[in-house]
Amino acid sequence: MNYVKNAWYVASWAQDLLPEKPYGTFILNEPVVVWRNADGELAAMEDRCVHRLAPLSLGRCEGDKLRCMYHGLLFDRTGAVVEIPGQDLIPAQARVRSYPAAEKHSWVWIWMGDHEAADEVLIPGAVGLDHPDYILGHGQLDYAAEARLINDNLLDFSHLSYVHANSFGAPEAWAYERPKITMLERGVRVERWITGESAVPGEAIGQPIERFASYDFLVPGVLLMTGGNFPQGTSQSLGGGAPDMSKALAGVTFTSQAVTPMTDKTARYFFSWGPHRDHGDEALRDTLMGIAAMAFGEDKDIIEAQQRVMDATPDFRIMPTTADRGVTLFNRLVEKLARDERTRLSVAS
Amino acid sequence: MNYVKNAWYVASWAQDLLPEKPYGTFILNEPVVVWRNADGELAAMEDRCVHRLAPLSLGRCEGDKLRCMYHGLLFDRTGAVVEIPGQDLIPAQARVRSYPAAEKHSWVWIWMGDHEAADEVLIPGAVGLDHPDYILGHGQLDYAAEARLINDNLLDFSHLSYVHANSFGAPEAWAYERPKITMLERGVRVERWITGESAVPGEAIGQPIERFASYDFLVPGVLLMTGGNFPQGTSQSLGGGAPDMSKALAGVTFTSQAVTPMTDKTARYFFSWGPHRDHGDEALRDTLMGIAAMAFGEDKDIIEAQQRVMDATPDFRIMPTTADRGVTLFNRLVEKLARDERTRLSVAS
Amino acid sequence: MNYVKNAWYVASWAQDLLPEKPYGTFILNEPVVVWRNADGELAAMEDRCVHRLAPLSLGRCEGDKLRCMYHGLLFDRTGAVVEIPGQDLIPAQARVRSYPAAEKHSWVWIWMGDHEAADEVLIPGAVGLDHPDYILGHGQLDYAAEARLINDNLLDFSHLSYVHANSFGAPEAWAYERPKITMLERGVRVERWITGESAVPGEAIGQPIERFASYDFLVPGVLLMTGGNFPQGTSQSLGGGAPDMSKALAGVTFTSQAVTPMTDKTARYFFSWGPHRDHGDEALRDTLMGIAAMAFGEDKDIIEAQQRVMDATPDFRIMPTTADRGVTLFNRLVEKLARDERTRLSVAS
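Chains as they are written, first to last, in the UniProt record's numbering: chain A, 1 to 349; chain B, 1 to 349; chain C, 1 to 349.
You may find that some hints are simply not true.
Where chains are identical, the list cannot tell them apart; a pair therefore holds if satisfied intra-copy or between any two copies.
With a cut-off of at most 27 Å between alpha-carbon atoms, the simulated DSSO-like pairs for lysine-lysine come out as follows [unchecked claim]:
no., residue 1, residue 2
1, K247, K265
2, K180, K65
3, K65, K247
4, K5, K247
5, K65, K300
6, K104, K180
7, K300, K247
8, K247, K336
9, K300, K21
10, K336, K265
11, K65, K265
12, K65, K336
13, K247, K21
14, K180, K21
15, K65, K104
16, K180, K265
17, K21, K336
18, K180, K336
If you are wondering where the hints come from, they were derived from the structure by calculation, not from laboratory data.
None of these values were measured; they are calculated from a predicted model.
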C-alpha cells in the first residue's frame, strides 16, 4: 500500500468506543487497539502483545493501564510493559508501539506516523454529530477492497450518473460537465454547478433552481461536502464561482466521509449526512440516510467487483480519462507525501 | 492451465441469457461478458473496462452497445470504446478484447483463440433441447476443481462401477471390460457393449438384452453420448462393432455434456439427458434427471475431494492404469493442439 | 512445521471409529485414513490413492482390504494395491504409505515416523474412559491455529489467571508462583502447590485446604494431569514436594489431553476430565465438563486470535518471560528430537 503515515486516520465513531471496552482494528496493515479509561481518556497502541503476540484488544482495562489477558502482562498508555506476573525484571524491549489518538468531530483519529509530527491541527474539519447547524445521521461500511479504490470513487463524481442512477437519481450533467478542481495543501477541492433536476433527493422543488456542490477531499481519505440550491442564473452571475452558502434558497446539507485502509484488501468507510437545520428536519435526515444506504451499497458492489477483476488480472493497467483529474491530482499528492516521508526517514537513520 | 484456446467453450444455456441482461463469467481465467441486444443477437467481450477494470457485466445495454456503469464508457460489439462522457478524444487503446460467440444446440459458445480461426464448423454436434427426436432435461453444476479432472472423469467410465454404484447401479462390467477407443480429429470415441443388468435406469426389461453405449469426447471438453438396448447376441453377431441405433429395441437416450474451465480451480459443467421419443416420455426424462442429479453430485464429491488432496500434495504424481487409455489419448491431443497454438503464435510474432 | 515424526499422535477417539467406516484426517500435513475391518482391527494409511489421488477415506471396506471408490483399486493393510479392475499386471510402485496404528487408553494413535522405531511403549499413559478409578467425560475441538501454540498454552498455566478468570476462577497464584519443572525423557513435569481459593470448581470446601496439581506434558503434545486437595500445611511439611495422591482429602481429578497438528494452521484437540471415583460422581463430572467447555472455548478464542496476529506480522518475534520455562524446555526437546531424526535419516541415506 502506498499511503501517507503522517496523517490522522479515523478508527471509529467516538460514541462507539465505550470506557474500558478496548477495540481492535487494523490501520495500514498494523493491528491497533484503541481504548478509553474509566474517565473516557483515549489511548491507542499496537494490538499485539510483545510476549506472544496475543491481541491486547482482548485485554482488561485497569485504571490507566491495559492488561493482556493471555499471560497477564500490564501495559501503560505509552505501550511500556509495567508488570510481568511473577517476574521482577522487566526487559527494556518490553514495549509495544503507541499511537497518538484524538477525539474530534465525533470520530476517533489515530496518527500512524512519527509521534513528533502529530499535530491535531491536521485533523480534517469534519462536521460532528453534535454540530449545532446540522441534523446528521451516520453509519459505517466494511469493504473487501483496497481503500485507494474508494478514494478514487469519491474523487470522481462522474460515477453518480451511472452507479447511482437509481438511488441519487443524479442527472447526466455529473458525468458530462467537468468540475472546477483546485489543489489544497493536503487535498483537492472539487466544485460544481449542476442545473436541471438537481434538488436534494426527497425535497420538493417550487421554482427553477440550480445546485452548487463542493467538497474537499483531504489526506488521508476524508471527504467534506456541502451543497445547496440557488435561483436559476446564480451560477452565471457568479461566473461559475462559489456562492455564499448562507444565501442558499434550500437544500443545504453536509456530509463527512472517511476511508480508512485496514489491510491491503480491506477498508472501513465512515459517513454522516443530513440537512442544515434551516433546510430540513429529522424526517429529511432519515430520507437522506435511506438513500445513502442504497447508494453506498451500489458503490460497494461496483468497487468490490472492480477489486475482484483486478485480483484476476496480473500486471493490470488503467486508462485515465479527463474525468480522472481529481483522482490523479490527489494520488500524486499522496505519492509525494509518502515519498517525502521515506526520504526523511532515510536521512534520519 | 494447459487448454486449447482455439476451441468453442460453452458459456451458458442459450435460454438463460436474456436480451439486455449481460452475463459475466470466467473462461480460461479470462473475465468474459456475454450479452444479447434487444433483438437477441449475441456479443462477447472482455469483462473488464479499459478505464478502471470494473466488470462490464454490471453494465447497461444500449441498443447494440454496452455501457460500463461505473463511469459511463460506452463499448460497441467489437470491444471498442465509442464514447467517454465529457471527453471528446477517444484514445486508440480504448478497447477491450472481443470474442466470437455463437448460439447452437441450445448453448452459447465462445471462441477463446484467434478470431480468424473461429469456425462454427468446429462446434461439437450436441443435441439441443429443441431436437425433435429427444425429450431432454437439462442442468448445470459448479465445481471447485480444475476442469481437466472432470474431463478425466468423463473419459474413463470405469468409475461408474464405484462412484455411481448407488445412483446408476452400473454393473461391474463397466470397470472390468475395456471399451473400444478410436481417435477422432478433435477427440476420442469410446464404445462399449455391456451385458448383464444394463437397461436404462427406471426402464422395465422384458427380455434378455445387452446395451451398447458410445460417446465422443471432443475438444475442449464436450461429451456426446448415446446408447440403446439390443437383443442378446447382437454384440457377438456384430463382432463387437457398433450397431445401427435405429434398430435398438428400447432404451435409446442421448446426453450432451460440456465442461468449461473458469479459473485454475473452478469449472462449470452443463448437461442434458433424456430418452429418444420412440423409447420414453416426459416421465422417463424426469426419472433420468433425478438419477443424474444424484450421480453428478457423486462425481462432484469425489472430484472436489481429489482436488483438495492434490492441493495438499506438493509435486504429486499419478499412476495411470489401462483404464486410463481414453484419458491419456485425449490429454495428449489437447497438449499437441495447445503446443501447436503456441508455435504458430511464436512464428507469427 | 517442526514436529517429531517418531511419535504417537492421537487420530481420534477409539469409540468414534466404527468398523468399516473409514475416517480421513490430516496429521503433520499428511492425509491419513484410519479404518477398522469388521472385527474392529485397526489400519492406517496414506489417504491418497496412488492412481489419481482420490481420498481412500471415501472408499469401501472389503474384509481386510480397502477399495478406492473412484476407479476401484483395492489396497491391503500394508498400503499395497492388490487389484486394479480390468488390469492383470500390478506395478511395483502401486502402493501407498501405511502407518503403525494402535488403540490404547480410548484413543487411536498413529505413528508418523519410521516403522521400525514404532514402539507402543512410547504411547503416553493417558487415562482411558474405561479406567476403573475415574469417572470421565470427554470431547474434542478443532483449532484454526498451529498445534504448537496450543502446546505452548498448555505448558504455561500462568494463563489460567487471565484466560480462565471466568471459567476456572483460578486464583492469581497460578500466574505469580512458579511451578517446579522437571525434565522427563520425552517431556516435562510441572508441579505446583496452590493455596487460597483452590478447590475443584463445584466442590464444597469444608476446611482450609491447599491444592496440589501436577502434569506431565509429553511428546508429541499430550498432557496428563492430576491434582487433589490436602490439609493446609501439607505443602510446607513436604518442603514443597509432591504428596502421596492417595492421601488427598478430596478433589482428585484426572485429565488427559492431546494436541494433534493437522496442517500448518489447523489442529485437533482431544480431552477427557473427571473426578476420582472416591471424590466425585457423574454430577461432578458433568459440572467439570461444563466448565471445560467454557474454558477450552476461551483458549481457542485467544489462541486463534494470536494466530491471526502472527499471520499479519511478517518476521515476528516473541519475548519469553520466566513463566515460559516449561514452554522453552519442551520446545527445545522437540527441536532436538526432530534434529536427531533428520540426522539419522541423512546418515541412513
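We went through each hint and held it up to the structure:
1. Taking the shortest alpha-carbon separations for K247 and K265, neither the intra-copy value of 43 Å nor the inter-copy value of 61 Å comes in at or below 27 Å.
2. For the homomeric pair K180 and K65, neither the shortest alpha-carbon distance inside one copy (50 Å) nor that between copies (31 Å) is at most 27 Å.
3. Taking CA atoms no more than 27 Å apart as the test, K65 paired with K247 passes in neither setting, with 51 Å inside one copy and 44 Å between copies.
4. Taking identical chains as interchangeable, the C-alpha atoms of K5 and K247 are never at most 27 Å apart, the minima being 39 Å within one chain and 64 Å between chains.
5. Taking the closest pair of Cα atoms, K65 and K300 come within 27 Å of each other only across two copies (25 Å); inside a single copy the shortest separation is 38 Å, beyond that limit.
6. In the homo-oligomer, the alpha carbons of K104 and K180 never lie at most 27 Å apart, since the shortest distance is 29 Å inside one protomer and 52 Å across protomers.
7. Taking identical chains as interchangeable, the C-alpha atoms of K300 and K247 are never at most 27 Å apart, the minima being 35 Å within one chain and 61 Å between chains.
8. Taking the closest pair of Cα atoms, K247 and K336 never come within 27 Å of each other, the shortest separation being 38 Å inside a single copy and 76 Å across copies.
9. Within a single copy, K300 and K21 get their C-alpha atoms only as close as 29 Å, which misses the 27 Å cut-off; across copies the closest is 21 Å, which meets it.
10. Within a single copy, K336 and K265 get their C-alpha atoms as close as 22 Å, which meets the 27 Å cut-off; across copies the closest is 40 Å, which misses it.
11. For the identical chains of this complex, K65 and K265 are neighbours neither inside a copy (32 Å) nor across copies (32 Å), given an alpha-carbon limit of 27 Å.
12. In this homomeric assembly, K65 and K336 never come within 27 Å of each other (Cα to Cα): the closest approach is 38 Å inside a single copy and 40 Å across copies.
13. In this assembly of identical chains, K247 and K21 lie within 27 Å of each other by CA distance neither inside one copy nor across copies; the values are 45 Å within and 46 Å between.
14. For the homomeric pair K180 and K21, neither the shortest alpha-carbon distance inside one copy (45 Å) nor that between copies (36 Å) is at most 27 Å.
15. Only within a single protomer do K65 and K104 lie at most 27 Å apart by alpha-carbon distance; the minimum there is 23 Å, versus 49 Å between protomers.
16. When the C-alpha separation of K180 and K265 is checked against a cutoff of 27 Å, the pair qualifies neither within a copy, at 31 Å, nor between copies, at 48 Å.
17. Taking the shortest Cα distances, K21 and K336 never come within 27 Å of each other, neither inside one copy (38 Å) nor across copies (43 Å).
18. Proximity of K180 to K336 under the C-alpha cut-off of 27 Å is restricted to the intra-copy arrangement: shortest distance 22 Å within a copy versus 59 Å between copies.
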